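There are 4 protein chains.
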Amino acid sequence: MNFISDNTAGASSNVMAAIAAANDGTSSAYGTDLWTQGVERRFAEIFEREVAVFLVTSGTAANALALASSTRPWGAVLTHEESHVADDECGAPEFFSDGAKLIGLAGTGNKISPDLVTQALTRFREGALHQVQPQALSITQATECGTIYTLDEIRALKAAAAPRDLTLHMDGARFANALVTLGCSPAQMTWKAGVDLLSFGGTKNGAWAAEAVIFFDPAAAAEMKWRRKRAGQTLSKGRLIGAQFEGLLADGHWLDLARHANAMATKLATAIEKSGEARLAWPCQANAVFPILSASLHTRLKAAGVGFLAWSDRALPENMTLAQGEVVGRFVMSFATREEQVEQLIALIGA
Amino acid sequence: MNFISDNTAGASSNVMAAIAAANDGTSSAYGTDLWTQGVERRFAEIFEREVAVFLVTSGTAANALALASSTRPWGAVLTHEESHVADDECGAPEFFSDGAKLIGLAGTGNKISPDLVTQALTRFREGALHQVQPQALSITQATECGTIYTLDEIRALKAAAAPRDLTLHMDGARFANALVTLGCSPAQMTWKAGVDLLSFGGTKNGAWAAEAVIFFDPAAAAEMKWRRKRAGQTLSKGRLIGAQFEGLLADGHWLDLARHANAMATKLATAIEKSGEARLAWPCQANAVFPILSASLHTRLKAAGVGFLAWSDRALPENMTLAQGEVVGRFVMSFATREEQVEQLIALIGA
Amino acid sequence: MNFISDNTAGASSNVMAAIAAANDGTSSAYGTDLWTQGVERRFAEIFEREVAVFLVTSGTAANALALASSTRPWGAVLTHEESHVADDECGAPEFFSDGAKLIGLAGTGNKISPDLVTQALTRFREGALHQVQPQALSITQATECGTIYTLDEIRALKAAAAPRDLTLHMDGARFANALVTLGCSPAQMTWKAGVDLLSFGGTKNGAWAAEAVIFFDPAAAAEMKWRRKRAGQTLSKGRLIGAQFEGLLADGHWLDLARHANAMATKLATAIEKSGEARLAWPCQANAVFPILSASLHTRLKAAGVGFLAWSDRALPENMTLAQGEVVGRFVMSFATREEQVEQLIALIGA
Amino acid sequence: MNFISDNTAGASSNVMAAIAAANDGTSSAYGTDLWTQGVERRFAEIFEREVAVFLVTSGTAANALALASSTRPWGAVLTHEESHVADDECGAPEFFSDGAKLIGLAGTGNKISPDLVTQALTRFREGALHQVQPQALSITQATECGTIYTLDEIRALKAAAAPRDLTLHMDGARFANALVTLGCSPAQMTWKAGVDLLSFGGTKNGAWAAEAVIFFDPAAAAEMKWRRKRAGQTLSKGRLIGAQFEGLLADGHWLDLARHANAMATKLATAIEKSGEARLAWPCQANAVFPILSASLHTRLKAAGVGFLAWSDRALPENMTLAQGEVVGRFVMSFATREEQVEQLIALIGA
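Chains as they are written, first to last, in our numbering: chain Y, 1 to 351; chain G, 1 to 351; chain X, 1 to 351; chain H, 1 to 351.
Everything labelled a hint here was simulated from the structure, so no lab data went into it. As the structure is a prediction and not an experimental result, all values here were calculated from the model. No residue lacks a Cβ here, since even glycine has one placed at the ideal position from N, Cα and C. Keep in mind that the hints are not guaranteed to be accurate.
[Unchecked claim] No farther apart than 20 Å at their CA atoms in a straight line, the calculated lysine to aspartate or glutamate pairs in the EDC-like style are these: (1) X:K192 x X:E50; (2) G:K158 x G:D88; (3) H:K158 x H:D217; (4) X:K225 x G:E126; (5) G:K192 x G:E223; (6) G:K225 x X:E50; (7) Y:K192 x Y:E223; (8) G:K267 x G:E343; (9) H:K274 x H:E223; (10) G:K302 x G:D256; (11) G:K225 x Y:E126; (12) X:K225 x H:E343; (13) H:K225 x Y:E277; (14) H:K225 x X:D88; (15) G:K192 x G:E48; (16) Y:K225 x G:E48; (17) Y:K225 x H:E343; (18) X:K274 x X:E343; (19) Y:K267 x Y:E277.
[Said to hold, decoys possible] Far from chain Y, by Cβ distances over 12 Å, these chain H residues were calculated: (20) T32; (21) A68; (22) P73; (23) G99; (24) D115; (25) G127; (26) A128; (27) L129; (28) V132; (29) T150; (30) K158; (31) K225; (32) R228; (33) V306; (34) E326.
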């Protein structure tokens, strides 16, 4: 049983079929192929507007390219102090942006509040010579703690960012998981709520290696083709990514996959809460569950060979503290997680 | 008929089968999977020594990471003035190396001569404060003109680079094509001849997107894992690349694919030379043919819908000049090129 | 009355005289002149050991070059969250280091505690692929809040940094002010306490534009000449900086200047404390005083035309909070501050 | 006798006097002082138009900041292959521009011809994905070979650069020397001839360390304050540079200094040509003389202790070649060169 991450699975069978189908004949290279072009149109439909789309192979690349597109080297990105861009990309945003600074804000469940954005904008004065200049706000949807911003919360963050005209970037590595929970349209969760720039994640959703940087203002993407190229992210056989997205996006497959993963997480979370064996660090709103494990439960699960991670406790709610030996466990479900695995885990945890 | 590049084909069926086979079950992420580890061992066998291997998704990324690993930001890379790293990667080596300089050397058929290396090392004085310091020499095997360095030539370049201890990097985007022509072992064409660092190309050879940076001195790779990670080139589902290489490298498949591509090129080159319809800009030594096309032949082929590129004439032999209207045509063969396509082309050119 | 900063004065008359004296005849360029060489020897005497010395024109350049010398682009620098390198250099350390990350630690009076260093090193795990790697610890002596690390405190920070072998950098923009307070030797306050790398400040001390990066391990400076050169910090007429330092360092002039500035600050601080008109945010340990000004006192001083800054309250002691309208005022003394100015200010504040 | 460079002298007495005069009282910092502001106005008068002015301490910094302001990281700068920015700044333009490429063009006497600009623009196709994009053209006035572009030549270069809207940058490290030769106005030699961006050199002209980046389109300078700051080039005691320029620019002092240096060079060049002891590599048009020295003359001058450099012969006129043992000597005159020194040298060379 491996609940370590939603990147431990392979690709969904639809994605594999789409790759196989794309493997015939010759095609023009470097993203000028029919698959990539089709995906670009598909995204325009999904988001109900013209968009500029750049396919890449990793979420780190997508995020770093997006942030580099929206900040100058002396700019700054406001983000949660434990967001993926801040903590898990080994400085990729700094590298791609030629040295911009990431300013970490606190927040329960890795969610940023508008107040802290406002406060940071006060601290980094507009036009001040000696300080980096905030130019983007990056949020993760769903967050690294499995929580979700509501549409109102996104709008409120946009409003907080507005006085300084920050680009609102959404790291959507788990975009689909958040979307199916909110039950809104992709447009509502993004540009209609103020998002300017999106890292759309295909990999955790069910692809092998397929991410997209999506500009809701295509004019802002004018230089992106060079930025991506010189980052080594412009595949010559670009249809590999195009085909993955084709397989993913056709007939709502991506949403089905996300619904399955979320359902597995909900099943686990509900069982844990009912059992009283552990309390949840954060509400389960997407495809991950974060129970606080007692030392004995932690040991028991490890002994049983269950794959999961111990997670940071920095973003716990203010009134929640870990007792001696307690650990925040992270269990992530993917499209490939099977219900019987979840049931086995539930049994182990212990009803 | 598409002879535009060896990146217009998809992947070989063995590669596709390997990907499909790798798609079962869960696997650890970020290159710690069994496929990637197997490939690392496979490369050690192929090169008959311990190596450090880093899989990435594009040739540009492989080259840029390799060059960044061997130069300081105030360093310089000697390379042919029309090499891929110098001319076709939109400044990726400069980006990844934080600003190192590429110093372009002339040379027929994109091959560098030891004399020009020596001359450049004289011009950029050792230890000089005001000048960038040459730290690497990058050659392409086979070159962008379809030519090949002999083992003696590689050794002579190494000797020319030795007084300043330059890292010898080989851009092996078409490594297999060169290897089967020389008929030597991978070890002979690389570290035994003085190569320190190799970009091993899988994509043009028959994969989708699979390249490897190979350090023949594993100690030199100590920091590479961070360098690759922050470049967004460490795939979470790393087995995608691992599996492609597994498919490619098993049972000499990669060499078979290269032999086929080379044979197709030789067939075309031989026919052209025999026909007298065009002369070759450079000898056909790998999988590409560069006939000098008269204006009328050029027009005729375009009209027939043949896909090919007009190529730069900067690296023509000294005694060869283009007549009015003449164009250097580039016809590249891949593993997927079918013999009847070549025959059709030969017929069009015109016996 | 201008107490805004210790950079609002010009240069001391000794410094001016040294520049004038250096202005005769020709001299070799780019730091190979006799003045610069003399200063290098002078620093070796001052620090009682061999050192590598690099003169530059600004404190920002000195700090950024020093930090770039001790971190890789994927490295991190632990520093106080409101240190000059973190907050007042517009991202220069990120620029010079090609994207290293500055990790801000909290601490009263801008002083870092060893515990927070240890905690940060736990958070950024050694060798972890996804995280930047802490490689330097940067402290400011005296701090931006006018406080000072004792020798024991420096040694304790070194000990906290030792398990990960962090380079200990000291931003000594106000080195002399700290030194005369501690009454120890320059060697004791630096390498004997564990400091590896020093930004030695001449400008605030009494020069025009003279800073030095000092490596206590000369071997670590092997590449610094290129790093400084390509940063545009290698003056052709290098004796300009050499002469300033010559003037400053001769006959303990630098220490005399610092003693004067500190005495002026102590006079003000003592008077304020005695008067009861304001409490001090932090103890006055160098050449700056930070009284917490009531709204009315703040207004009164501004109206009287006194030059001073309102300062951040983030580093206040835990038990100290600002009442409504209160402001932390910053009053900085320099070598050129005249006693009667301080007395005037004291009178205004209000005995 | 030191003719090694025009940076071996100190500062003119007017410059020294201006620094001394500026040393009284307090002043606001970071370039907001009255001296800097006065210089900004002075430049507006000199150039007969509104300009944005940024003072820095080295020519390398001025050039690198100027080029970084006019290119994107994937941009390219066309320049002479042996220009100072290409060959003598240790990669500073690449560093400051985050990796832009300098494309070296050949040309006698380090002067670029419009034809080669046009040819380079053909080679680097507009909008091409794989190639860096030319965005600036940088010329040196006077060149490193002591030659000068006429106004017509500058206009022709601007015309060649126009189809791609390249920023025309002039490295004016020896601006005054060129200006007094041409006898035109500063406006005529710059923006009226098409120059967009100027590195105005004060150091070689007679200052200690005073250079200015001048934007003829102030709107293009919007971000320059941050770029300069994070490069460590914003001096806190900015009046040091302001005062140097004040001393230099008052009452045509800068032009007098340049006229003297040029006259010394002309005297030497004329004597050499008359004597027949050596031929000149390039015409003497500014403050430097480049005689081709026979082996015996070379030895004789070295033995006599004359300071001069052996120079590159790459930019010799096509019909001029060096005989065995011949060396291109470089003799540079400064404001401080005394006529009797030149006469001594002339005597040594041998009339």
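Taking the hints in turn, this is what the structure says about them:
| no. | hint | result |
| --- | --- | --- |
| 1 | X:K192 x X:E50 | holds (13 Å) |
| 2 | G:K158 x G:D88 | violated (24 Å) |
| 3 | H:K158 x H:D217 | holds (16 Å) |
| 4 | X:K225 x G:E126 | holds (13 Å) |
| 5 | G:K192 x G:E223 | violated (24 Å) |
| 6 | G:K225 x X:E50 | violated (36 Å) |
| 7 | Y:K192 x Y:E223 | violated (24 Å) |
| 8 | G:K267 x G:E343 | holds (9 Å) |
| 9 | H:K274 x H:E223 | violated (52 Å) |
| 10 | G:K302 x G:D256 | violated (31 Å) |
| 11 | G:K225 x Y:E126 | violated (38 Å) |
| 12 | X:K225 x H:E343 | violated (37 Å) |
| 13 | H:K225 x Y:E277 | violated (59 Å) |
| 14 | H:K225 x X:D88 | holds (14 Å) |
| 15 | G:K192 x G:E48 | holds (10 Å) |
| 16 | Y:K225 x G:E48 | violated (40 Å) |
| 17 | Y:K225 x H:E343 | violated (61 Å) |
| 18 | X:K274 x X:E343 | holds (14 Å) |
| 19 | Y:K267 x Y:E277 | holds (15 Å) |
| 20 | T32 | violated (9 Å) |
| 21 | A68 | violated (9 Å) |
| 22 | P73 | violated (7 Å) |
| 23 | G99 | violated (8 Å) |
| 24 | D115 | holds (27 Å) |
| 25 | G127 | violated (9 Å) |
| 26 | A128 | violated (10 Å) |
| 27 | L129 | violated (6 Å) |
| 28 | V132 | violated (8 Å) |
| 29 | T150 | holds (36 Å) |
| 30 | K158 | holds (25 Å) |
| 31 | K225 | violated (6 Å) |
| 32 | R228 | violated (9 Å) |
| 33 | V306 | holds (46 Å) |
| 34 | E326 | holds (44 Å) |
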